[in-house]
Amino acid sequence: MSSTLSWTPATDPRRFRHLLLRSILLPLTLLLLLAVVLLGVVGNLAQTQEQARRSQKTLTRVERVRQLLIDRETGVRGYLLTQDPIFLEPYQAAGQRLPRAFEELAQGLSDEPRSGAWMEELRRRWREWERVASEQLSLFQEKGEWMALVRSGAGKARMDAIRMTLDTIAEQERQRANLRGIQAERAGRVTLIIGVLWTLAVGMLLAWFSRRQLLILARDYGASLAQVRAQADALRASEARLEARVAQRTSELTTANRELESFSYSVSHDLRAPLRAIDGFAQAIREDEGGRLSSDGLQLLTRLQGATTRMGQLIDDLLQLSRVTRAELKSEPVDLSELASSVVQELRQHEPGRDVMFSVQPGLTARGDSRLLRVMMENLLGNAWKFTSRRSGAHIEFFAETANGVTHYAVRDNGVGFDMAYASKLFSPFQRLHKSTEYPGTGIGLATVQRIVHRHGGHIEAQAAVGQGATFRFTLQEALP
Amino acid sequence: MSSQRSILLVEDNPDDVDLTRRAFQRAGLTQPLDVVEDGVEALDYLFARGAHAHRARVPLPSLVLLDLKLPRLNGHEVLRQLRADARTRFLPVVILTSSDEETDLVESYSHGCNSYVRKPVSYTEFVEAARQLGLYWLSLNRAPESGVHG
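Same order as they appear, the protein sequences are chains A and B.
Heads up: the first sequence at position 208 corresponds to 208 in our numbering, and the numbers run straight through without jumps.
Heads up: the second sequence at position 70 corresponds to 70 in our numbering, and the numbers run straight through without jumps.
Calculated directly from the structure, the hints in this document are not laboratory data.
Remember, it's a predicted structure, so these values are computed and weren't measured experimentally.
The beta carbon of each residue, even a glycine, is placed where N, CA and C say it ideally should be.
Treat each hint with caution, since some may be false.
[To be verified] Pairwise CB distance ranges (calculated):
| hint | chain 1 | residue 1 | chain 2 | residue 2 | range |
| --- | --- | --- | --- | --- | --- |
| 1 | B | T30 | A | I285 | 23 to 29 Å |
| 2 | B | S110 | A | Y422 | 45 to 51 Å |
| 3 | B | G112 | A | S359 | 44 to 50 Å |
| 4 | B | R49 | A | K425 | 55 to 61 Å |
I would like the entire structure built from these sequences, with the hints used as guidance.
The structure is reproduced here in structure tokens:
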């Protein structure tokens, strides 16, 4: 049973983005529309303002025309009353300016549909007044009856008509301006109301969207939280199951290991008894019946006894290997240099005939189990001793090197060496790289060495070449508890 | 001085019994060798009980050669009971076994064995071991004359 522990968020990020976009884009669009409408209203207002200004200007022009006409009238009247030509000056000046003033007034009224009619009436009445004025002046200069003409009120009537027309124009213009102002004000008020309503609507829309989004998020968050909790629970449960399984396996393994140990222990011991019997009875035959046996028979007895010796050695080595695994590890300071020297001394005592040069670097100490480290050195130096047996000038070294802050110990010999192609077999029990007739041994020694090194938290490796000796490098974890 | 007294061999393997007997002969040991095949019988022999009740007036053996792996009662238990009894407290007991285990060694000594010998596979070496054992425990060593029955 396997539970996949993948967590998928309840809110799909794409869906979330979509939601966010919608809730922002819609109110934004509405606001933009409002802005466009307001812009239009502002334009309208500006236009109304411009029209008001123009109305004002038109009114000014009306007043100017009126003023010029008054100047002309008062000029004629003053001259007629005083006979002083100085009064004719304003009359003439106004006469020169009037056409232009009329022109300007006509331009100011150009957007008014009735302006043409008004201007025509104005001009016609002005011409009539001019005719009366000219007639008065002619009669005055010819010493005619000009007074009668003045008294007839023809000039005044005409001037009044002009004034009336001007008043009409001014009144119309004022009304127009008023009307525009009222319209603009109404439009502004309506726009204001619409804008306020619009803004309120957008605000409400935004609030509604935000609420909806928050609700969705909250719901999704709750779902995610529940999912995460469920997965955490599943994880804890799976962890507990795993731990229980590990504990069970450990217990099974411990039991199996113990059974295996007791099995190998009793087998090793029980195997020795028949071996002893075989060797013993073979020896008995040799002693009791030796005289009657052929030399071939005696030779066979020798081989029989040799085989029992070899098997006894195998059993002893196996016992040692299993003991290395089982033994409780002690941590004590061990003088490896001294240990190596003492092992070599034993080897020399065992085979005094050998001429081997032995170099040991003094003062190499480590922490570890002195008994196991001795077994390790016995095997490593015993190997070097064995595989240098067929050469002269044998040289065995024990020294230490430091690489990357780690101390590597090394046992080097100049013996037969081996082919590195088979190096992987080196530390497996019963794997031998040489014929047992050439170099005796059980093939368990290096397996024992490796177990000892591993139990000390270190590792071991070998380097060799055929005919050029071998070097075994190993580390020991110095700070064992 | 102890020429009449026997040696007791506690051993269940008849091959080992024969070989031990032969080794003692070859080593020139003349003491009679009594053999019992399990721990219970060993205690009966030494405490003159059951089938060995007739031994009540016979002196204790001068040496006990005790195997550890025995039927019914193992060597450690036999040794413990021997040392717990005043009659056999000082009886020389040599553990003669195949075991080379540290735990067996420690347990044997803590129960008060006098010596611990591992039986070699090689018969030649076994004979040599028997010779030295006999020489030492039967000729050189002196034990208090305690626990003589009767």
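Cross-check of the supplied hints:
no., hint, result
1, B:T30 - A:I285: 23 to 29 Å, "25 Å, holds"
2, B:S110 - A:Y422: 45 to 51 Å, "47 Å, holds"
3, B:G112 - A:S359: 44 to 50 Å, "47 Å, holds"
4, B:R49 - A:K425: 55 to 61 Å, "59 Å, holds"
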